[in-house]
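Q: Residues per chain, in single letters:
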Amino acid sequence: MVLLESLINGLIQGSIFAVFAASFTIIFGVMDIPNMGHAALFAGGAYVFYQLVNLTGLPWIVGLIGAVLAIAVLGAVVEKTLLSRLYGRKESEYVFGVILVTIGLARILERGYAQIWGHAPKYIELGNLQENSVQVSGTSVSHLELVVIAFAVANFAFLYWLINYTDTGLSLQAIVQNRELAIMRGINVDRVFLIAFTLGAAMIAAAGVLNAAMFTLEPTLGFSLLIKAFIIVILGGIGRVMGAMVAGYALGLYEAFAVLYLSSYYIYASEFAVLIAFFLLKAIVLSEGEDSLIAGLKERATSLRQGVAE
Amino acid sequence: MSDEILSVSDLEVSYGDMTVLRNVDLSVPEGGVVSVVGANGAGKTTLMKAISGVKDPDSGEITFRDENTVGLDPHELIQRGLTYVPERHTVFPEMTVLENLRTAMIPAEGSNSDVLEQVFELFPILDERRQQDAGTMSGGQQQMLAIAQGLVVEPDIILLDEPTLGLAPKIVEDVRDTILEISDNGVTVLLVDEKIQLSKEVAEDLYLMRKSTLQYLGERGEFEAEYERILQETIE
Amino acid sequence: MSSSEATATHEEELDVDLRNLEWTEPIRAAAFVLVGGLVVVPFVISSNYVGYVALLVLMFGIMASGYNIMLGWPNLLVFCPAALAVIGGVVSSLLAIQMGLPFAVTLLIGGLTAAIVGSAVAASAIIIGSTFEIVIATLAFEQIVYYAFTNWDRVGPTGISGMPNPSLGPLVFTSQVEQYVFLLAVLVLVTFIVTAFDRSLLGTLAVATGEDEELLRSIGYNPSRYKLVSVVLGAFVLGIGGALYAHVNGLVTPGAFTLDQTVLLLVIAVLGGLRTIYGPIVGAVLMIGLPEIVRSLGFGDYQPYIIGLTLILVILFLPSGIVGGVKDYFGDFDNGGVSAWAFWK
Amino acid sequence: MPEYKRRSFLAKSCAATGIAVGLAGCMGDSGGSQVQLGAINPLSGSAAFFGELATEAQSAWVENVNGNGGLEIGGETREINIVEYDDESSNDQARSAAQRLTTSDNVSMILSSWRSNGAIAINEIINNNQIPTFTHGFTPQVNTDGTYMMRLTVSTVMDAYPALQFVSDSDDIEKIGVIAEEGDWGDDTLDLMEWWFNEADNAGDYENLGRFSFSQQDFSSYITKARNSDIDALYVQTWASAMQRFIEQQDSAGLNDDMPILTGLGGADYNSLGEVGGSMSNVYALGVYTRLSYADDDQIAETISDEALSQFEDYQSIENAPDHPTAYNVYADAQAAEYALTEAGSTNGEDLREALVGNEITTILGNATINDRGQPSIPGALIKFDGSSGDAEIDTVAWDGQLPPITSIPPETDL
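Residue numbers (the numbering used here), protein chains in the order written: chain A, 54 to 363; chain B, 12 to 247; chain C, 2 to 346; chain D, 429 to 843.
So that you can see chain A by itself, here it is in the shape it has in the complex (with noise of 0.2 Å):
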């Protein structure tokens, strides 16, 4: 009974995870960088949704279609006008560059969103999904939830026919696997780099939607999202949306059987430990050029059998 329910509660916190760092970890893996201003988008969808749907009264299907427009043409404005300007600088400048710059447009946006829509937490609706719900061997999840989850899958379904099975998941997986390979082939990168942030942002306003119709909105909502989509885009493997989604269910259903067991210090701070432990695990037992720590650990293994074989 606990374990149902704790893997119910892990798979529902497991989605958004999941689906929050699939958006986000399109951009970080073609962009070699972090958005910081990700959170702000995630709010941004949801605030236009609440503009729409709450105050304006239009339909919410018409309210989730703008919400995604608006932020969608928001994502491909900043990395027109901003980011852009950064692809020449040398590693470590772009680095800061591109996380200065978006730390400060999430500033700004979150001002704005402040002054616009007030502080106070705002309820959103979507149709009747909240108050509805199903049994499940006697546990009750609502029909938002059961929405999400399936939001979650669609999303992950869409994106891995986009990744395998059209010229842009392409163009993405050859920038990931290898930026100056895919220059020389002829990927049109600024192209690919367009395309990879408005459609972060656009997937990102759908669940920001969906998250502030679960909980609550405010316009600083996600940005404890945010620190979570580091562990797992990293634990996935950047740049890997399938892997953002198991190392997203994984998070989150660590997340809802730890509780029952520890408080929460403990389990965040187990969470960045692992996260550090990988990166020197990773450093140390891979040779350079090597990307995949499992895959390497795999060929050590391998190595390791054939030479207690031999």
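Only pairs whose alpha carbons sit at most 25 Å apart, straight line, appear in this in silico DSS-like list of lysine-lysine:
id : chain 1 : residue 1 : chain 2 : residue 2
1  : B       : Lys66     : A       : Lys143
2  : A       : Lys133    : A       : Lys143
3  : D       : Lys603    : D       : Lys812
4  : B       : Lys211    : B       : Lys222
5  : B       : Lys181    : B       : Lys206
6  : A       : Lys133    : B       : Lys66
The set of hints was computed from the structure by calculation and includes no laboratory data.
Since the structure of chain A is already known, use the hints to place chains B, C and D on it.
A: Then chains B, C and D, alone, in the frame of chain A:
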């Protein structure tokens, strides 16, 4: 010179404070095989990157089919028929052979889908391994894939950067045959080669790159006679 | 410059080549800061409020100078300066309150503790290698420090309060002006150290580490060594800064030293100009002073816009910061090891 | 030529010093016959929502007082003026604001320093300058004898008192589960539980079910844990929007069907009771200033003194007076300041503090006293809500009476 497909004049390229190429002139006739030899670090790869749009030159002109291409991006050059195959058999390691080729075809929008089959005909080894991850193939196979990536866009000229580097002698022969076959199909080849071996067998014109400058060594026959001396110079 | 020809034996001999250092330069830089700081004294005396802001500027100037050592010279994007500062603050405060040690001692131990932790951070950063992985690993480390202190009953979320004022032997700095002069003296000392570091071969090699690690290795130097030294030195200064902050304010809370503070320090360093001597000070004056000016002009509501926009504009159009930008136009009045490194290339 | 240069330099530096002193002089200027009062409100950052309410409540008070001609202080009628600064929810900013208020703006009192850490950060400044200051924060380490840091409303620990009293009186509740925030408020809540049940030996027991972060969004794991623990009621210590989320989530998970939910903190100080209405079933919450929102309910009205009720009516008649429990509290602080100014007949901080400590102060929250450590004793009530109709409605008043001051853990005052 109506049969000249690519020419470079007075090219200068630098990385930061370091000038890598200066006063470089080069002429590639249509349908020919031109080779640039020279010691490691002489600037050969930089020349390839400059011609293919990867690295912007500081000054000078690069003319491809009567158009100055300085400032164009690689994808724009590919669309005009100039493609570059980088050194060290570089492919996308976590993509299958087929995905690697489809990725390479992206800039040549609306290209003929028969091309893929033609390329597979040229490289039967790739045909067999369509669904294999490129990273798991041997160096020689990856080199074939890299060249195939250059060919799927149906180029007029292909730039091959050290295509035999680090390959076994048997594979080097395969690569040589492939180059000749490409040339027979009417594609111009600009080759970069550290060991002069390959150039001796396929090149019609030979250039020597030494200390950032390029020197024309002559047509086949002219340079064959001086082969030993050139070999010595490239080693220096 | 002190750097002469490179041979294999230079490693030991020239590492800290203080004998050949042109001492006039650090002295000149320190004197420059001292004079600049003294000019402000009348403001500090006449207004408590201006005095308080001036104290903040000095403390952030010190911390940002420390952070700049690791950011600017070896180009290591360590993202946990706030954690290093709070370690200095907490250690110094606990020693002063619980063991009654004199401030000069607790300050030094605070700085040293931060330096020891800094050496672990540096070692991890060297092992990890990739820039953005370092960013995230150190970010994670900062979170862990926050959780550890918040969960430790000696510190807790409300932190430590009631530590004694800064003092030096019999001299106790209680009034604002006294504290200002004391902090100014520390900043002058820090400026001296940073300049000496910059002008020494150590600084030059740290710059080389940031510019071209491979080349440095190929001529027989070990880049890890210069990364380690830079981070440890920076951590020491950060720890000192954190301890000063704790004792001057009489309060240190873990919550005040998290990502926000790290970003503020980063912004100060970048805005002023990485790898410059005066950059962190100029940055501190601007980032601490600007909000106050904005507020006194009645634009308090728009402060986040102004800060955010400043950040974006500086990164886009003044990537080497204000002091760095001025330097680009007017030559090397504040050259950070660059010309020395050019020799090696 | 060199001489000329030097003279010009001297002239310039004299001018610079002159400007400095001049500027400082201007800054130190205080406003004539108006009484200057300060406010440090978080208008941006994490606590901004409350900061905005505080601003509105204080403006309402100023309008009300000045509309009636001002306050009579020592035989002279004087208008009041509030100098307000935004602390951006940051301690450094709070300190710089306090510094400016106490030294440049020369205020007589500071009406609000909202956050706990902000109050601790400015404690030294306001005590050195002897400026009585009201906070809403929980600040045990600065509640020292003779402090100038005052509070009218209860801190978390006091909030738990009615719940504990209720548990000990109840026959149905043997053991309560506790979930508390990370941080000082949560620490002290758990310390109080430990003291109450295990050291002071009151009836009942408690179990710590875990801590959660300040920005917790999803409580479902905690609800699962509570449901599967051997407890008869759940005590939740949190505030503001986290409380709101918790109330909603436990309701949709049906936890309140299984057990009563007890909450504390300033009297169900979640942002808008109306929003969570239907979720307020079987939920008990402490009402100090929240009571006023339900003053039209007879049971609640009985817990409020007639004097306080009539003052609350006056408050409601003020134009632009915000209708929110937090605002009532801020307004009550301002009323205490008003009492101090008229009672002391002076704007001197020391006199004002003397007037505040130990005297009964009438406010819209009821009659309160503040002790030498700045801690209040104030009436409160534990209200059981029933949201079955879809609105948050009063079911019963489970407990009402005077909340005692608590200055430390374990409490010095015998609860």
